[in-house]
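Colleague: What follows is the residue order along each chain.
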Amino acid sequence: MKTLQIAFRNIFRNARRSLMTVLAISVSAVSVLLFGGFIFAIMYGMQTSIVQNIGHLHVYQKGYFDFGSGSPGAYGVSRYEEIIGAIKEDPQLKPLVQVVTPTLNVYGIAGNFEAEASKTFLGQGVVPSDGERMKNWDDYKLGERRHHKESGLSDADTEGGVVGIGMARMLQLCDKLQAENCKCNGAEKAVKVVEASTRAASASPPEIQPAEQPLPQSATQPELQPAQASADGGGEDFSTLAELDIQAKAGEKPDPRPKLEILAATVGGAPNVVSLYVNKAVNQGVKEMDDSFIKMHLSLAQRLLYGRGEKKVSGIVVQLKHTRDIPVARARLARFFSDRHLDLEIRDFRELSPMYGQVISMFGSIFTFISIIMGVIVLFTIVNTMSMSVMERVNEIGTVRALGVQRRGVLRQFLMEGCLLGTLGATIGVGAAVTVALAINAGAVTWIPPNNVEPVPLTILIFENAFLLPGTLVALVVLAVVSSFLPARKASRMAIVDALRHV
Amino acid sequence: MDLSENNGYAVRMTEVSKSYLMGKVEVPALLGITLEIPRKKFNVIIGPSGSGKTTLLNLIGCIDAPTTGRMEVCGQDIAALTDDRRSDFRARNIGFIFQNFNLIPVLSAYENVEYPLLLTKTPGRERKDLTLRMLEAVGLGAHKHHRPNELSGGQRQRVAIARALVKGPELVLADEPTANLDSKTGLSIIGLMHEMQTSNHTTFIFSSHDRQVMEQAEAVFEIRDGRLVEPHEPPRGSQS
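Protein chains in written order, with the working numbering: chain A, 1 to 503; chain B, 504 to 743.
The set of hints was computed from the structure by calculation and includes no laboratory data. Any given hint might turn out to be false.
Claimed, not checked - Pairs of lysine to any residue residues, derived as SDA-like cross-links and limited to a Cα-Cα distance of at most 25 angstroms, are as follows:
#: 1; chain 1: A; residue 1: K2; chain 2: B; residue 2: G671
#: 2; chain 1: A; residue 1: K490; chain 2: B; residue 2: L524
#: 3; chain 1: A; residue 1: K88; chain 2: A; residue 2: A334
#: 4; chain 1: A; residue 1: K2; chain 2: B; residue 2: T625
#: 5; chain 1: A; residue 1: K176; chain 2: A; residue 2: S292
#: 6; chain 1: B; residue 1: K624; chain 2: A; residue 2: A334
#: 7; chain 1: A; residue 1: K141; chain 2: A; residue 2: A432
#: 8; chain 1: A; residue 1: K2; chain 2: B; residue 2: N603
As the list claims (entries may be wrong) - Quick list of the computed label-pair ranges, beta carbon to beta carbon:
#: 9; chain 1: A; residue 1: G443; chain 2: B; residue 2: A645; range: 21 to 31 angstroms
#: 10; chain 1: A; residue 1: R16; chain 2: B; residue 2: R588; range: 19 to 29 angstroms
#: 11; chain 1: B; residue 1: G671; chain 2: A; residue 2: R16; range: 36 to 46 angstroms
Only a predicted model underlies this, so the values are computations on that prediction, with no experimental measurement involved. Cβ coordinates follow ideal geometry from the N, Cα and C atoms, glycine included.
So that you can see chain A by itself, here it is in the shape it has in the complex:
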């Protein structure tokens, strides 16, 4: 009834003081919302980036996650194509799943023998078309703000690959790849044909082919089987293996792309070498990764690790349509494997990318800290404003109490005023925050968020989270009411005669 009306009029009684209070609340709302929106942009951006690269769930042979990186071949998943097919056709998983694809991790040494440079590498074999489809994942509708570059891989190019910028630099590939931010140390070394290749060339001169010639097929690629390696080259060094590879390829058409010879130990422990044609150098974001990463076609990685033996993969990547489906999909996959007596384990992207959790946790802590600071400012501002209001209206409080208003009526009156101040401030703050966020989102400001390698537009995602905006609004109003409680309680407990005597 009159409580709201009187409260509304009272907050305009000292307009300047109320304005300052409302502004303090508004600034708090703007700060919390903008920072919250920024954190959600980081969180969703990071998650999108991670999920686009590694999916939501990884299926491994049991033990791979803990021990597999020391011996990736030993923890390979057999009959992975059957498993992938069954996952794709599972009636419960089918509606949840966007991409199911194999992946194979390999470790070894990559060498550019033209430049006499070699480097240990961390490699990943993928199905390029699946990788491209994974890049389309955009659960948080960030797509219009982000643009993906070509991956540099294709299903047809089974010997092509991409390397990290650092890797390209160390292997003297920058000029040939014309990669951005990639500069080799001085001019690339003149092509130095090793003696072995000279011998091979003199024995059988290579036929020069135009660059447009089709890429060499994997079927033509010689491979060293463990047994063969131990017999033919088991005691040789890396250059001897390369020499053998060059000899084998002496009659082939040359590929214009820079070539790396990559060496890895096969499942049996013997060394194996394959050639990789580098299509592109891509920044990996983290220097350690950038200096050692090679991404290649799955079949090439399999040839390197398994030779002609049974082809396995180190994991099966499952990308879901929505992140929220992880628990359901994970539970279903666990039952799926258990029913089929498959000794597989499931890990989600948070376990595979612990940095995601760390970054979210860090920003969450900062957000909490800022929110608390803002809350304390609002609390003290409102306590001050309401206390002043009570002090100025002591006589009025005595009058209404004498007229018959109960203690709780006075309490309600001042709480209502605090609530109105909070509502006004929070509403104005929300409006201002939305305006600023829209302006920032429409602007061309870019930055490089954690786990990203390319700059992305600075984005404030206020509406994407269902709780941020209403939560801030409600929290500020509740805080305003709570802040008003002490002054209101003091007002309601005044002795009527003392209040009436007050001048």
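Following the hints, complete the assembly by docking chain B onto the known chain A.
Modeller: Then chain B, alone, in the frame of chain A:
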């Protein structure tokens, strides 16, 4: 509330004392007051400053409690009421007119007069009729939308009188209602209150040392040093 058994007295006090603590010192304000104030009369409490008039009115108005003694207001034993019940009792039975008018500054004249009716939950149409009628009765029908700061002292006190009477209380208490008014305005206010008391058959109790008020009184109670002086006849010119 049934006042039929009240023997015609609006207020009955028996050996009522009131003292205040000033730090650790107990200061007596009223000492053993025993009195009976008749209903539907124009009663005046007189006495010099600091004699205890306001304290007595506060006790009668149920906004303060006696230290000792027993008192009934409109037949109700006040000591038996909780704070909330006492508030309700005031809202229904007692009207206040203050020396400083004490209007709610953010409300218009109409809203100030309407306020007590909201506390008694009077229905909307009846509330509006009563409010307008009371504003007309005090001659402020044309000023109903004015805020207190847009009214003169006399007009404010008229609004206060309308506010005190609009709910038809058993008892109206006025603490020196003319003290802040010039003599001409004070006289008109006294006249208005007397007129309203007569037409509404309400018990009025004033505290005053204004001779104009005393001349209008039907019963005079004199307080001196916290004690009731023997009742005496109203001064010359009073109505009985």
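Colleague: Check the structure against each numbered hint from earlier and tell me which ones fail, lowest number first.
Modeller: 6, 9, 10
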